[in-house]
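So the chains spell out like this:
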Amino acid sequence: MSNDAVEELVADGTLRRVTSDVDGGARELATAIQHIASSHLVAASDPAGALVLAFDAARKAIEAHMRSNGLRVGAGEGGHAKLARYGVAAFGSSPAIDHFRMFDRVRRVRNSVQYDVLTVEDADVQFALEQAEAIVQAVAEDLS
Amino acid sequence: MRTSPPLLLPLFRSRAQARLLARIYLESDRPAPLAQIAAELGLDRAGVKREVDRLEEAGLVTTHRSGRQRLVRPNPESPYHDDLFGLLMTAFGPAAVVGPALAGISGIEAAYLFGSWAARYSGDQGIAPHDIDVLVVGRPDRGELYRAAGALSDILHREVNPTIVSPERWDAAEEGFIRDVKSSPLVALDLTADA
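Protein chains in written order, with this note's numbering: chain S, 1 to 144; chain D, 1 to 195.
Among the clues, some could well be false.
[As the list claims (entries may be wrong)] No more than 20 Å apart at the CA atoms, straight line, and that leaves these computed lysine to aspartate or glutamate pairs for EDC-like:
hint: 1; chain 1: D; residue 1: 182; chain 2: S; residue 2: 56
hint: 2; chain 1: D; residue 1: 182; chain 2: D; residue 2: 144
hint: 3; chain 1: S; residue 1: 82; chain 2: S; residue 2: 7
hint: 4; chain 1: D; residue 1: 182; chain 2: D; residue 2: 168
hint: 5; chain 1: S; residue 1: 82; chain 2: D; residue 2: 159
hint: 6; chain 1: D; residue 1: 182; chain 2: D; residue 2: 131
hint: 7; chain 1: D; residue 1: 49; chain 2: D; residue 2: 83
hint: 8; chain 1: S; residue 1: 82; chain 2: S; residue 2: 8
hint: 9; chain 1: D; residue 1: 182; chain 2: D; residue 2: 83
hint: 10; chain 1: S; residue 1: 82; chain 2: S; residue 2: 56
hint: 11; chain 1: S; residue 1: 82; chain 2: D; residue 2: 131
hint: 12; chain 1: S; residue 1: 82; chain 2: D; residue 2: 27
Keep in mind the hints are simulated off the structure, nothing from the lab.
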């Protein structure tokens, strides 16, 4: 999947072109699906772990999509934020676009948990899982 | 009205003048008598009257009497109106527009601006704010709140970042982050206004 919005991210250096790796993308997507299942399993006992797993599931799904389409994030800081911009650009016309927009919010919550040691509330985990599941499904459908 | 220039945009003569203009321009849907505006902004009445007189002479605002009260509004005929509105919105908008935007979201008990924007707004020196940090106390629908934050980011030309904490966590203040927020400059948001 490529479009003008993705091409703009390549042009401004947010992304760079690499050789397409469809098998690697499929493996990464499979890992994302496992993370979703794991997140559900630990949600009640370990909400912080569940949130990180849900974030990683969404992140790896978007990365899988990039990998399959021959793209990586460009050099420099803010790799996850660049990934978020790719998701919004690549899925701009998808019914799941709102979930790709919300990935950046999940990223920020995950960062506040990692760096400010904020307590994770159940609603944060549920929200992250909802976004991750929709993102994984949208990527899986597009790559199938 | 003798206050130092506003740190958020030190083009204005004083913080008081900037806040007065922001109140008049950014909340023009609820024009108020001068005495009420003075009370809201914590400024003295005579100073507000002098400042409004100056702004009216310059054509930036208009006033009219309603009974014994004098109401002040932005003057849309002023050639500076649109540009001044834009400057005020970008620099001082968060205090005026974030509260009303959150008012319609159920589950929010209180909301505050914190971080570098709130610090500069409160007169604490430091680097220019990049993002607008909003502390939301309650149990709002995450998606609804984040969508509202996205819309506010477009209006304010800065990323609006909500952090949500339950009322129990806020009251207990056992987390370092919450203690830090509570001890730093906060701007309480009015959640009673309509969006």
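Do the hints match the structure? See the list:
With a C-alpha separation of about 31 Å, the suggested pairing of residue 182 (chain D) with residue 56 (chain S) is violated against the 20 Å cut-off. Between residue 182 (chain D) and residue 144 (chain D), the direct Cα distance comes to roughly 25 Å. Violation of the 20 Å bound is thereby established for this hinted pair. A threshold of 20 Å between alpha carbons decides the hint, and for residue 82 (chain S) with residue 7 (chain S) the separation of about 13 Å falls inside it, so the pair holds. Restraint check for residue 182 (chain D) and residue 168 (chain D): satisfied, since their Cα atoms lie roughly 14 Å apart, inside the 20 Å limit.
Restraint check for residue 82 (chain S) and residue 159 (chain D): satisfied, since their Cα atoms lie roughly 15 Å apart, inside the 20 Å limit. In summary, the hint linking residue 182 (chain D) to residue 131 (chain D) is supported, as the alpha carbons are separated by about 19 Å, within the 20 Å threshold. Straight-line distance between C-alpha atoms of residue 49 (chain D) and residue 83 (chain D) comes to about 24 Å, which puts the hinted pair past the 20 Å bound. With a C-alpha separation of about 12 Å, the suggested pairing of residue 82 (chain S) with residue 8 (chain S) holds against the 20 Å cut-off.
Taking the CA atoms of residue 182 (chain D) and residue 83 (chain D), the gap is near 35 Å; set against the 20 Å cutoff, the hint is violated. For the suggested pair residue 82 (chain S) and residue 56 (chain S), the alpha carbons sit about 15 Å apart, so the restraint of at most 20 Å is met. Taking the CA atoms of residue 82 (chain S) and residue 131 (chain D), the gap is near 18 Å; set against the 20 Å cutoff, the hint holds. For the hint linking residue 82 (chain S) to residue 27 (chain D), the alpha-carbon distance of about 36 Å lies beyond 20 Å, and the restraint is violated.
When the structure is compared with the earlier hints, violations turn up for hints 1, 2, 7, 9, 12 and for no others.
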